[in-house]
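Q: This is what each chain is made of:
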Amino acid sequence: MPDLLPFVISGLGVGAVYALSGVGLVVLYRSSGVLNFAFGALGALGAYVAWSMLESGWPQALAWAASVAVAMVLSLAYGRLIAPHLAQRNPTIRGIGTLGFALVVLGFTEWFWGEQPRRLVLPTDAGALELADVRLTYTRVIGLALAVAMMAGIGLLLARTRVGLKMRALANDRDLSALLGIRVLQVDTVAWVLSGAFAGVCGLLLANIVRLQATLLTFMVIPAFAAAIIGRLESLPATVVGGILIGVLEAVAIVVPGLASFRSATPFLVALLMIAFHQSNTRVA
Amino acid sequence: MTPISIASPMAIPPSIDALQIALDRVRRERLRSLLVMLGTLLVLGTMLPWLANAYWTKTFSSALALSVAAAGVGLLYGQLGLVSLCQFALLGVGGWVALRISHGSGLPFELCVLAAGLVSALVGMLAGLPALRLKGLYLALVTLMLAGGFQVVITVVGFPDGGPGWLGRVEGGERLLMARPAVATSDSAYLRYVVLWLAAVLALIELHRRTRAGRSWALIRRGEAAALGAGVNVLLYQTWAFALAGFCAGVGGALLAGGVGQLDGRAFGASESVMLFALSVVGGVYHWLGAIIAGLLLRAVPALLTDFNVNGFLAMVFFGAALLHALITAQEGVAGQVLSLLHRVRARWTAGSAP
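Protein chains in written order, with the working numbering: chain A, 1 to 285; chain B, 1 to 355.
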C-alpha cells in the first residue's frame, strides 16, 4: 500500500476549487432557480481580463479585483436582462438559457484573446507550504481557505440575514414571495452578483492551477456540477465536502494501477452514484 | 409541422361523418408531410453532390450524419420535453461499434450501421432509465455526467482502427480507414448514401410521431397521471423514445465514421453533446427540417465561415444568441421560422392569384 497522504494533500487544491464552484452554483440555484452553465465562461473571461492587465503592468490586486468585477457585472447583466424572460419556465429551460449565454461569452473570449493556451502566474505560486513531502503552493492554500470562508460566509448570509431569508423565500416560491412584498428583482440581483463573484474567483484559481484556456475553463463547470449534485443543489456544507472529496479521490486514483488514466472521470462517477443514492429526494427538482 | 385542427370549438358535438372527414384529413396530411420530406431529401441528395466540390461534399456528409443524431435530440425534447445532454456520446458509442465490427469482421456497411444503431439504442435506453424517476433538470444533469464519463473513457480507449485485440487499436503503425459501402465508395456517392439513411431515420420518426407512439408521447408530456389514466404504457413509450433517440445517434456515428474513415477519441467531449443539444434547439425540434438545419449549423456553417476567413468563435457567439432567441421567443427554431415564411409566401401567392 503506497503512502496516500501526498496525493490527498495535492488533491485538496483542485478539490477546493470544485467546492468553491459548487457553492457558487448552489447559491444561485437556491435563490433564483437557475443552474448556471455560464459559470465557467464568466470565470474564464475574468481570468483573461486579469491576464491582460498583468501583461500591461497593472498592480496585482487591481487585476484580481477587475477580474472578479467583470464576472460579477456580466453575471448581473444576464440575471437582470435575460433571465427574467425565462423566469416562468421550468428549471431545465432556465439552465439551458445560461448555456446560450455561456456560448456567447466563450465565443467572445476565444475570438478576442485567441486560442493559444496561457497560464496565469500569481505571486502566491512562489511560496509553498511543505506538508507530508508535498509542496502546497500558497495559491492552493488560499483556494482552500477561500472555499471554507466563502462557504461559511454564504451559509451565514442565508441563515442569519434578512436578504438570506428573502433568497430562501424566493427559492421556495417566486410568485408567492412577490405577493408577500419581497422585491424579487432586488434579491435576484444579490444572488447573481454573489454567483458572479464566485465565478470570478474560481476562474482566477483554475487559470492558475490548470491553465488559462477559455474552452477548457468554460466546461470545467461540468465537474463543478458534480459537487453541486452531491449537495443536492441545496446543501452548502455537503457541496463543499463533495467538491473536496472529488478532488482528493481524483488525485488518489493516480496510485491505483489501471485506473490512473481514467481518473478524471471521478467527478462524474461520484455524481452518478450520489444521484442513484438519494434518488427519492431529487424528484422535485 | 402543420397544425392539425380536428377539434375546433363547437357548440354541438361533431357527427360521425365530421369525425370521419377529419380523420381522413389527418391521414392525408400524414402522407403529404412524409412525401414532402422525402421529396426535399431527394432534391438535397441529387443537388448537393452535383453542386459541391470535394471539400464541401465531405463536409455535407458529416453535417447530414450529425443531422441524423440531431433528429434524436429533437425527438426527446420536442415530443417529451426531455433534455438529454449525452447524445453526442451515444454517437461516439455508435461510431465505436461500427468501426469495431467493420475492422473486426468485415461485415457489410449496412449491418455495421444497424449494429451501431442498436447498441446505441440499448445504451440510450439505459441512460434514459433514470428519467422514469427523475424529471427535468436532474435528467439533464445525469446525462451530462454520463457524457463527461464517456469523454474520459473514449479519450483513453480511442476508436478502433484495425489493430489487434478487443479494442482494435493500432500501436504506432498506420491507422486503417473504415471500409465504405460497396455502392458508395466515392465521396459524392457516399453523400447520397448518407441522405438515404437520413431519409429513412426521419421517416421512421415521422411515422412514430403521427401514430400511436406520438399520441402517447403527447399525453406523457401533458402529465404522467393523465397518460396513465388514458391507458398509455408510460414505461414502454418513454423508454422507446430514448431507444429511438439512441438509435438515431448510433446511426449518425456510424455514418460519420464511414465518411471520415476513422474517429478521434479527443473529439467526443461532453461539450460536444451540449453543443448538439443547443443547436438542435436552434434548428427546431418540432419538425424534421430542424434536424437538417442543426446538422448544417454544427458542421457546414463553421466550414463556411472558415471559407470567408471569419473566426469560428464568432459563430459560437451567434449560436449562443440564437439559442437564447429560440428559448425565449422562437420556440420552433429556425425551422419554424422558415416554415412560417413559406406559409406566408404561399398565402400571399394564393391570395394574389384568386380574384
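One or more of the hints may lead you astray.
Said to hold, decoys possible - Among the chain A residues that face chain B by a calculated CB cut under 8 Å, a handful are:
{"id": "1", "residue": "Trp64"}
{"id": "2", "residue": "Thr92"}
{"id": "3", "residue": "Gly95"}
{"id": "4", "residue": "Gly107"}
Just so you know, the hints here were simulated from the structure itself, not pulled from any lab data.
Ideal Cβ positions, reconstructed from N, Cα and C, are used throughout, including at glycine.
Q: It remains to establish, for every hint, whether it holds in the given structure.
A: Structure-based check of all given hints:
1. Trp64: Given a least distance of 26 Å, the restraint on A:Trp64 is violated.
2. Thr92: holds (5 Å)
3. Gly95: holds (6 Å)
4. Gly107: holds (3 Å)
Violation of the numbered hints given earlier is confined to hint 1; every other hint is satisfied by the structure.
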